[in-house]
Amino acid sequence: MIPDLGKYAEAVLGAYGLSLLLLAALLILTLRRGKKARAALRRIEEETARHGKG
Amino acid sequence: MALSLSDLAVARGGVPVLSGVSFTLDAGQALVIRGPNGSGKTTLLRTIAGLQPALSGSIEGADDTVAYAGHADGLKAMLSVAENLTFWAAVYGRRNIDAALAAYALAPLKDRLTGTLSAGQKRRAGLARLMVTGRPIWVLDEPTVSLDTHAVGLFADAVRAHLRAGGMALLATHIDLGLDADVLDVTPLLAQANTLHGASDEAFL
Amino acid sequence: MALSLSDLAVARGGVPVLSGVSFTLDAGQALVIRGPNGSGKTTLLRTIAGLQPALSGSIEGADDTVAYAGHADGLKAMLSVAENLTFWAAVYGRRNIDAALAAYALAPLKDRLTGTLSAGQKRRAGLARLMVTGRPIWVLDEPTVSLDTHAVGLFADAVRAHLRAGGMALLATHIDLGLDADVLDVTPLLAQANTLHGASDEAFL
Amino acid sequence: MSLWEYANPVKFLALSARVQPFAWAAAAIGIFVGLAWGFFATPDDFRQGSTVKIIYIHVPAAWIAINAWIMMLVASLVWLVRRHHVSALAAKAAAPVGLVMTVIGLLTGAIWGQPMWGTWWAWDPRLTSFLILFLFYLGYIALWEAVEDPDTAADLTSVLCLVGSVFALLSRYAVLFWSQGLHQGASLSLDKEENISNVFWLPLVVSIGGFTLLFLALVLYRTGTEIALRRTRALGVRLDRHT
Amino acid sequence: MIALLVRDLRLAFRAGGGFGLGLAFFLILVVLVPFSIGPQSALLASIAPGILWLGALLACLLSLDRLLALDFEDGTLDVLATAPLPLEAALAVKGLAHWITTGLPLVLAAPVLGVLLNLPAQGFGWLVVSLVLGTPALSMIGTFGAALTVGIKRGGLLMSLLVLPLYVPTLIFGAEAARRGAVGMAVETPLLLLAGISLGAIALLPFAAAAALRMTIR
Amino acid sequence: MIALLVRDLRLAFRAGGGFGLGLAFFLILVVLVPFSIGPQSALLASIAPGILWLGALLACLLSLDRLLALDFEDGTLDVLATAPLPLEAALAVKGLAHWITTGLPLVLAAPVLGVLLNLPAQGFGWLVVSLVLGTPALSMIGTFGAALTVGIKRGGLLMSLLVLPLYVPTLIFGAEAARRGAVGMAVETPLLLLAGISLGAIALLPFAAAAALRMTIR
Ligand code: HEM
Ligand SMILES: Nc1ncnc2c1ncn2[C@@H]1O[C@H](COP(=O)(O)OP(=O)(O)OP(=O)(O)O)[C@@H](O)[C@H]1O
Ligand SMILES: Nc1ncnc2c1ncn2[C@@H]1O[C@H](COP(=O)(O)OP(=O)(O)OP(=O)(O)O)[C@@H](O)[C@H]1O
Ligand SMILES: [Mg+2]
Ligand SMILES: [Mg+2]
Numbered sequence: 006m007i008p009d010l011g012k013y014a015e016a017v018l019g020a021y022g023l024s025l026l027l028l029a030a031l032l033i034l035t036l037r038r039g040k041k042a043r044a045a046l047r048r049i050e051e052e053t054a055r056h057g058k059g
Numbered sequence: 612m613a614l615s616l617s618d619l620a621v622a623r624g625g626v627p628v629l630s631g632v633s634f635t636l637d638a639g640q641a642l643v644i645r646g647p648n649g650s651g652k653t654t655l656l657r658t659i660a661g662l663q664p665a666l667s668g669s670i671e672g673a674d675d676t677v678a679y680a681g682h683a684d685g686l687k688a689m690l691s692v693a694e695n696l697t698f699w700a701a702v703y704g705r706r707n708i709d710a711a712l713a714a715y716a717l718a719p720l721k722d723r724l725t726g727t728l729s730a731g732q733k734r735r736a737g738l739a740r741l742m743v744t745g746r747p748i749w750v751l752d753e754p755t756v757s758l759d760t761h762a763v764g765l766f767a768d769a770v771r772a773h774l775r776a777g778g779m780a781l782l783a784t785h786i787d788l789g790l791d792a793d794v795l796d797v798t799p800l801l802a803q804a805n806t807l808h809g810a811s812d813e814a815f816l
Numbered sequence: 612m613a614l615s616l617s618d619l620a621v622a623r624g625g626v627p628v629l630s631g632v633s634f635t636l637d638a639g640q641a642l643v644i645r646g647p648n649g650s651g652k653t654t655l656l657r658t659i660a661g662l663q664p665a666l667s668g669s670i671e672g673a674d675d676t677v678a679y680a681g682h683a684d685g686l687k688a689m690l691s692v693a694e695n696l697t698f699w700a701a702v703y704g705r706r707n708i709d710a711a712l713a714a715y716a717l718a719p720l721k722d723r724l725t726g727t728l729s730a731g732q733k734r735r736a737g738l739a740r741l742m743v744t745g746r747p748i749w750v751l752d753e754p755t756v757s758l759d760t761h762a763v764g765l766f767a768d769a770v771r772a773h774l775r776a777g778g779m780a781l782l783a784t785h786i787d788l789g790l791d792a793d794v795l796d797v798t799p800l801l802a803q804a805n806t807l808h809g810a811s812d813e814a815f816l
Numbered sequence: 002m003s004l005w006e007y008a009n010p011v012k013f014l015a016l017s018a019r020v021q022p023f024a025w026a027a028a029a030i031g032i033f034v035g036l037a038w039g040f041f042a043t044p045d046d047f048r049q050g051s052t053v054k055i056i057y058i059h060v061p062a063a064w065i066a067i068n069a070w071i072m073m074l075v076a077s078l079v080w081l082v083r084r085h086h087v088s089a090l091a092a093k094a095a096a097p098v099g100l101v102m103t104v105i106g107l108l109t110g111a112i113w114g115q116p117m118w119g120t121w122w123a124w125d126p127r128l129t130s131f132l133i134l135f136l137f138y139l140g141y142i143a144l145w146e147a148v149e150d151p152d153t154a155a156d157l158t159s160v161l162c163l164v165g166s167v168f169a170l171l172s173r174y175a176v177l178f179w180s181q182g183l184h185q186g187a188s189l190s191l192d193k194e195e196n197i198s199n200v201f202w203l204p205l206v207v208s209i210g211g212f213t214l215l216f217l218a219l220v221l222y223r224t225g226t227e228i229a230l231r232r233t234r235a236l237g238v239r240l241d242r243h244t
Numbered sequence: 060m061i062a063l064l065v066r067d068l069r070l071a072f073r074a075g076g077g078f079g080l081g082l083a084f085f086l087i088l089v090v091l092v093p094f095s096i097g098p099q100s101a102l103l104a105s106i107a108p109g110i111l112w113l114g115a116l117l118a119c120l121l122s123l124d125r126l127l128a129l130d131f132e133d134g135t136l137d138v139l140a141t142a143p144l145p146l147e148a149a150l151a152v153k154g155l156a157h158w159i160t161t162g163l164p165l166v167l168a169a170p171v172l173g174v175l176l177n178l179p180a181q182g183f184g185w186l187v188v189s190l191v192l193g194t195p196a197l198s199m200i201g202t203f204g205a206a207l208t209v210g211i212k213r214g215g216l217l218m219s220l221l222v223l224p225l226y227v228p229t230l231i232f233g234a235e236a237a238r239r240g241a242v243g244m245a246v247e248t249p250l251l252l253l254a255g256i257s258l259g260a261i262a263l264l265p266f267a268a269a270a271a272l273r274m275t276i277r
Numbered sequence: 060m061i062a063l064l065v066r067d068l069r070l071a072f073r074a075g076g077g078f079g080l081g082l083a084f085f086l087i088l089v090v091l092v093p094f095s096i097g098p099q100s101a102l103l104a105s106i107a108p109g110i111l112w113l114g115a116l117l118a119c120l121l122s123l124d125r126l127l128a129l130d131f132e133d134g135t136l137d138v139l140a141t142a143p144l145p146l147e148a149a150l151a152v153k154g155l156a157h158w159i160t161t162g163l164p165l166v167l168a169a170p171v172l173g174v175l176l177n178l179p180a181q182g183f184g185w186l187v188v189s190l191v192l193g194t195p196a197l198s199m200i201g202t203f204g205a206a207l208t209v210g211i212k213r214g215g216l217l218m219s220l221l222v223l224p225l226y227v228p229t230l231i232f233g234a235e236a237a238r239r240g241a242v243g244m245a246v247e248t249p250l251l252l253l254a255g256i257s258l259g260a261i262a263l264l265p266f267a268a269a270a271a272l273r274m275t276i277r
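Taken in order, these protein sequences are the chains called C, U, Y, S, V and G. Its first residue numbered 6, the first sequence is counted upward by one per residue in the working numbering. Its first residue numbered 612, the second sequence is counted upward by one per residue in the working numbering. Its first residue numbered 612, the third sequence is counted upward by one per residue in the working numbering. Its first residue numbered 2, the fourth sequence is counted upward by one per residue in the working numbering. Its first residue numbered 60, the fifth sequence is counted upward by one per residue in the working numbering. Its first residue numbered 60, the sixth sequence is counted upward by one per residue in the working numbering.
Hints in this document: simulated from the structure, not taken from any laboratory. Just so you know, not all the hints are guaranteed correct.
[To be verified] Below, in silico cross-link-like pairs of lysine to aspartate or glutamate (EDC-like), each with a Cα-Cα straight-line distance of 16 Å or less:
{"#": "1", "chain 1": "U", "residue 1": "K721", "chain 2": "U", "residue 2": "D709"}
{"#": "2", "chain 1": "S", "residue 1": "K12", "chain 2": "U", "residue 2": "E813"}
{"#": "3", "chain 1": "C", "residue 1": "K12", "chain 2": "S", "residue 2": "D45"}
Because the structure is a prediction, the values reported are computed rather than measured.
Looking at chain C on its own, in the form it has when it is part of the complex:
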């Protein structure tokens, strides 16, 4: 499956691996922070709505 990379296998695989790792980390952190922020917003919006009625 993996093509023959010859003597540079380490370099090429390393470059792909590291880059994809960094991209994944960026994605995960972005999504986690976004989820947290949106959840907090939802909580406070509900609370505001309750106060509006009461």
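Keeping the supplied structure of chain C fixed, place chains U, Y, S, V and G with the ligands upon it in accordance with the hints.
What follows is chains U, Y, S, V and G with the ligands alone, placed relative to chain C:
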């Protein structure tokens, strides 16, 4: 010449604190601003002095007419009292500091380094700075902090003289200064965030 | 347990400012120190707190019993009020900060960064720090600066409760707190420099 | 309807919600196809061997790193001139993405340099200006973090972005003046022979497209996060007042 | 404006003021270099112009730290911002005062320290010229950095982070001119570019700095 | 004591705190070196260990600046001096917090920056070892210097002046070990001496620092 605010709203740290502030101050008048801790007196005075933008409403007559004295004195610890005052006088294009020294009984401390003064002495020097600016509107935030009763008297005299000469004064304070002045209580003016326009977070509501 | 000073003389910046200070403070007592600006109140309190050496005379009962609150509050702007108080409690080997928060009505401000409080709110947090030390002798330099009347009341209540519990308090202030306390006027004690012994320049006289 | 309407957070969020699914999907496809094509289906270069495959990450990352800064510059100008909150927040949201892309560009370049030039790093003009860009990103993000008030932070970072861009440009010329390059320029790229050129070029273009779409999706999502945080703050204040 | 200049200079010369400390840092840094990279004189000579420029830059940077911070803490900036003097002018004057108290002494000390690092004889003149042309830019860029970070606790190091990349072009042209001078090559181009940066910085940065300062003190 | 450590670390990690800024300075300094002395890689490799040590030392030094100054300004030191905690312990803890937030990141970053300066491959290990052994001494000596200068306006630069000579022995042995390591020579002697300095500094300097602090705050 008058200072007039109409329907001013101010914010601190992006949070609205006061709204609907309106008053007019004419030559020779003083206004004392009262309100509990955290009600926004400092914020209001800084806005009037032009140090921060208003949320909404307008301020008229404050351009280049205001001398502001906040919690910090604006004096250099490593300069003598006279050097500090002379410097500020020069910034405002003036020269004479004797009247200011006399008004606050600073003559004996004139050549002391400001950093070696006691808290009340330093405050006196900070108040004397107002007199060398030659500006008509004094905006003072808790001016009498650390002052003893004698010095409070000196300060009240200085304000009265300033008013007699056609000046104006705006003071935030928690204690009674014995001045003949109107009082603006900011407690009823506290901002209702949901009715405010122009707040920096308003766009997100 | 008592704090007693006998014939104490203190100096500031190498210059003697007060001499012949003597008093005894017993459990449950408070003493208000009065005197005009620059008379040496701050110097006296710092000496009692052990922050600077006395020129002559002696202080007894002040070792590890004094909680000092000076002009600065000892609070970190970048920590919340609760974090600041918890830290100081831990330094004094204690844990609970609820009583202190309650005494100064700080509960709603508990999680605010201290740097974003108004002058009076910050002062309240600084005074609350005294309560988490568990120390019997409070040494306070102008504690009510920036406080509104309500907060001054809270402070007076806290001092009264502290005294009732057998504590002591030493306060330098220019305004009347409505405490049931003796007053020490330092004006008559002002130093006669030529009668002083132990001043750092004495060797050259 | 003018473009500025989208400076309103609500309008922006609505638009962003419509665009995002496509952006994410297209980004995933573009990156997958570009990288897979490049990795599995392109021949080795006659000089560089299999290392040439690194180009499908290296160049898109470097391209995004540079263009993210340009986008931040535009957004900063919009904020300073028209004070639209969304544009300030978009600049804030883009910076960490740009930083990560810069790091990827640096890392892949370093890994590539080891076999090609026999060194991880050399003070070549292009590499050097890229490193300086990295520093600008760091400073920009640190300033956002350090300033308490959100509007002040937006103002200050915008000014920094403006002044920084001028100096980044100056540095580029300074660096060119200072050192001779090892790095391939656009003219002297590996495609000496026409027919190989296309073989490398097409997957590279797909990959660049994929990275660009990923950047777009990330920035839209992160701007949404920033808006949510600001809105939480604003509502919190309102609740405080009521109670 | 003259009052402000005089005040800043006087403060710098007072005990505990900043005068001479930037210089002292420069001196100590240059002295530490042989300890860290070893005493071989040929090696030292070849890096001398660069190290001297780097040292001057760091000395400038460190002394900038409190250029505005002290004025912020004691309320001076609040008053200056409401005073009749335009803030742009005030900041330009502060930058000038900084240059007089820091940049100028560095320029004068550099030849002496060049001796310590075995700088070739022909390099001294160009070193001084390049510093004279370059240090004003360092002072003005630093003033801008200080204005950006003034209200921030521990802003000093954040300022370094923001300012150092801005210093890069100045450093490159300055050190390049000094290095070329030391080996007898033509120095016109880098010197002209250096002068250009300085002029640009003096003309434009006070405005950016004043804008930033108005934002930070609000 | 743990409360103090936790507080200092938390402050450092807060927005605007000091964490990472020492590191950033180190990074930027190392980046500026080639700009000032030129891009030739052989020259850079020969000075790399020395420059890395010098950079680590300066980063430490700069971040020390406000180690005590901030606590002094807001009155924390007054309270700490009257608290039951011995001042010696408090200062040792502050030194430790400084090392964790500054020294440790420097140690971890040094190899990466070694790449930028073309440090020979065999030198990386010894560079890290020498920094691990040496940076604690830098933090403790710096704490002492900070205690000596804390009440003084613009104390930061004065502190540099006082501390830098004290740093000389640490620098000499540290840089020597790193340099020998880079060219494959024996490194035991300088490393042992370096460890000795660190141990001595940790054992004795908190007492000197506490004594100095009691004098400065009076
Ligand atoms: C750390 C080291 C490196 C950095 C920071 C770096 C940075 C960059 C940058 C900024 C670009 C420009 C992208 C654009 O204009 O859109 C680029 C393009 C490129 N780089 Fe690198 N690079 C590095 C190492 C290398 C190495 C070692 C090689 C191969 C031997 C390489 C090959 C290329 C190629 C082929 C391009 C595309 C050039 C073109 O046709 O425009 N790079 N790199
Ligand atoms: N930097 C800041 N960030 C966020 N909120 C702040 C900030 N500074 C002050 N505030 C808040 O803004 C409100 C108004 O503060 P301000 O300092 O104007 O009050 P004040 O009336 O002057 O009070 P005091 O009598 O205690 O001086 C307070 O509730 C305060 O907690
Ligand atoms: N660092 C210093 N060097 C020299 N003299 C000083 C120094 N600090 C204060 N003084 C002087 O010592 C005297 C006592 O000062 P102190 O601060 O104790 O007065 P205080 O009673 O607290 O006054 P206040 O009510 O104004 O706070 C004053 O005359 C003051 O000018
Ligand atoms: Mg106030
Ligand atoms: Mg006092």
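Quick rundown of the hints versus the structure:
no.	hint	result
1	K721(U) x D709(U)	holds (10 Å)
2	K12(S) x E813(U)	holds (15 Å)
3	K12(C) x D45(S)	holds (12 Å)
Going through the hint list in order, the structure satisfies each hint without exception.
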